[in-house]
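Engineer: Those sequence lines, one after another, are chains A and B. By numbering that gives the first Met the number 0, the letter at position 137 of the first sequence is numbered 136, and the numbering carries on one by one without gaps. By numbering that gives the first Met the number 0, the letter at position 64 of the second sequence is numbered 63, and the numbering carries on one by one without gaps.
The reader is advised that the hints may include incorrect statements.
Example chain A residues on the side facing chain B (calculated, C-beta under 7 Å, incomplete) [as the list claims (entries may be wrong)]:
#, residue
1, ARG85
2, PRO86
3, THR87
4, LEU140
5, ILE142
6, VAL147
Here are the computed distance ranges between Cβ atoms for each label pair [to be verified]:
#, chain 1, residue 1, chain 2, residue 2, range
7, A, ARG138, B, THR56, 42 to 52 Å
8, B, VAL289, A, PRO86, 19 to 29 Å
9, B, CYS197, A, GLY177, 56 to 66 Å
Worth flagging that the hints you see were computed from the coordinates, not collected in a lab. Since the structure is predicted, the reported quantities are computational estimates derived from the model, not experimental observations. A virtual CB, placed ideally from N, CA and C, is assigned to each residue, including glycine.
One letter stands for each residue in the lines below.
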Amino acid sequence: MAQSKTRPLLTEKEMDAEITRIAREIVADGIENVALLGIRTRGVPLAKWLAQKIESIGHRPVEVGSLDINLYRDDLSEVSEQPIVRPTEIPFAIDGKGIVLVDDVLYTGRTIRAAMDAIIDYGRPKFIRLAELIDRGWRELPIQADYVGRRVKTTAEQNVKVMVKPADERNEVRLMKGR
Amino acid sequence: MRLSARHILSVNDLTKKDVTLILQTAASFREISERPIKKVPTLRGRTVINCFFEDSTRTRLSFELAEKRLSADSTNISKSGSAMAKKGETLLDTVRNLEAMRPDILVIRHNQAGAAAQVARETSAHVINAGDGMHEHPTQALLDLMTINEAKGRTKGLKVGIVGDILHSRVARSDMLLFRKMGMEVTIGGPPTLIPMCLAETFDVKVCHDIREALPKLDVLMLLRVQRERQGEQLFPSSREYARYFGIQSRDLESAKDDLVVMHPGPVNRGVEISAELADGPRSIILNQVTNGVAVRMAILYLLLGEGLKQ
Chain A
0 MAQSKTRPLL
10 TEKEMDAEIT
20 RIAREIVADG
30 IENVALLGIR
40 TRGVPLAKWL
50 AQKIESIGHR
60 PVEVGSLDIN
70 LYRDDLSEVS
80 EQPIVRPTEI
90 PFAIDGKGIV
100 LVDDVLYTGR
110 TIRAAMDAII
120 DYGRPKFIRL
130 AELIDRGWRE
140 LPIQADYVGR
150 RVKTTAEQNV
160 KVMVKPADER
170 NEVRLMKGR
Chain B
0 MRLSARHILS
10 VNDLTKKDVT
20 LILQTAASFR
30 EISERPIKKV
40 PTLRGRTVIN
50 CFFEDSTRTR
60 LSFELAEKRL
70 SADSTNISKS
80 GSAMAKKGET
90 LLDTVRNLEA
100 MRPDILVIRH
110 NQAGAAAQVA
120 RETSAHVINA
130 GDGMHEHPTQ
140 ALLDLMTINE
150 AKGRTKGLKV
160 GIVGDILHSR
170 VARSDMLLFR
180 KMGMEVTIGG
190 PPTLIPMCLA
200 ETFDVKVCHD
210 IREALPKLDV
220 LMLLRVQRER
230 QGEQLFPSSR
240 EYARYFGIQS
250 RDLESAKDDL
260 VVMHPGPVNR
270 GVEISAELAD
280 GPRSIILNQV
290 TNGVAVRMAI
300 LYLLLGEGLK
310 Q
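Could you build all of it, start to finish, from the sequences and the hints given here?
Structural biologist: As structure tokens, this is what we get:
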């Protein structure tokens, strides 16, 4: 592939540095009664990665769940094929808990809108915050992240591809041409 | 991903890939029924009409709950409450009237084989066959397969015994088709008068009138209800005699594998085809079938409407 010759947007080392910085910010804001919720697919391994960092910085474990937002999408009547629905696994009660949503790329904001609807169907969290590895701009809804790894200027034709083990073969972020 | 079929009329409409996709989606949907608020907004604004021209409790409720948990607008027509049927309107006229109200999905239960297929030719909505006469009941077969897969962790290579009134059973027909499609071995048992001729050749199954002979090798035993309403008294003398020769009790299973599971599509006639202690015992996964029924129907509704705009 031609793209693999170009330098990645983030190497594994840089991803780790950004995740560590986000972990420090989350710990500084307080991790009492706070849990992470990764948005499928890439948000889940990122949330686990982030949880490890939080545990080593904050000296206490945080719970991690995973959220599938496909049933809450606003474009189901527009897509030609139904996305595959995977299970949502939230091994803790949402009521009264501080939730940090973890996702790979913040783009239109529609995924996050869907994720918030999904969470609220499970209960009433104390708050919902948003952690994103990449913010690529192009928002279509009034949504901003509380914790951002890297802000990237992109064109509409570009695609930000986040690869995280074990969903992918390696840990890397690339800016691709074309969708 | 989408299904290759526009309607679910027969197991034959589905490819192996479709079946796998339905089971995978259903497994994800099961969690929704475990939530405190059992509802997702996915099919908001979609209209489903459940047309039950033949009585049903379990299947109808299962479809209704599946529709409601996906936020579809669902409404029902029943045999007794249907002015259309009572006043002499034909099925096709009824369907044309329903069509004029723009439903997205029609769920059809009817006592005539082929009714759902006939409806499908007259409507632009998707049609799901919820049982047509003695023909097929594909969603039941799918929930049976899901329950077997869940209990055993696999389906391919499993040996399934189906015992009872095969002649009148649309569940048996759909089960045989689906289980064979997915690489399972099927052995049929029951009174010779209730087993159609040429069954072994037609469905590529084994026939063994006394299932007890095949029992030691089975992984799954499916017992079917004797359908008195479809047959009168000619085919076997009495329920007591049926129970004695073909009914299964726990002590019949002494030669069976330790992990043999027992299934029944309901309604159960305790003491006839299955004893009460077997139906309630540790081998029984009868109620898992009911739980999975809602999830399988949610998956089918979701996947059918995935075609987006209607053609």
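Engineer: A separate judgement is required for each hint: does it hold in the structure or not?
Structural biologist: Comparing the hints with the structure gives:
| no. | hint | verdict |
| --- | --- | --- |
| 1 | ARG85 | 6 Å, holds |
| 2 | PRO86 | 5 Å, holds |
| 3 | THR87 | 6 Å, holds |
| 4 | LEU140 | 16 Å, violated |
| 5 | ILE142 | 18 Å, violated |
| 6 | VAL147 | 29 Å, violated |
| 7 | A:ARG138 - B:THR56: 42 to 52 Å | 50 Å, holds |
| 8 | B:VAL289 - A:PRO86: 19 to 29 Å | 20 Å, holds |
| 9 | B:CYS197 - A:GLY177: 56 to 66 Å | 57 Å, holds |
Checked against the numbered hints above, the structure violates hints 4, 5 and 6; every other hint is satisfied.
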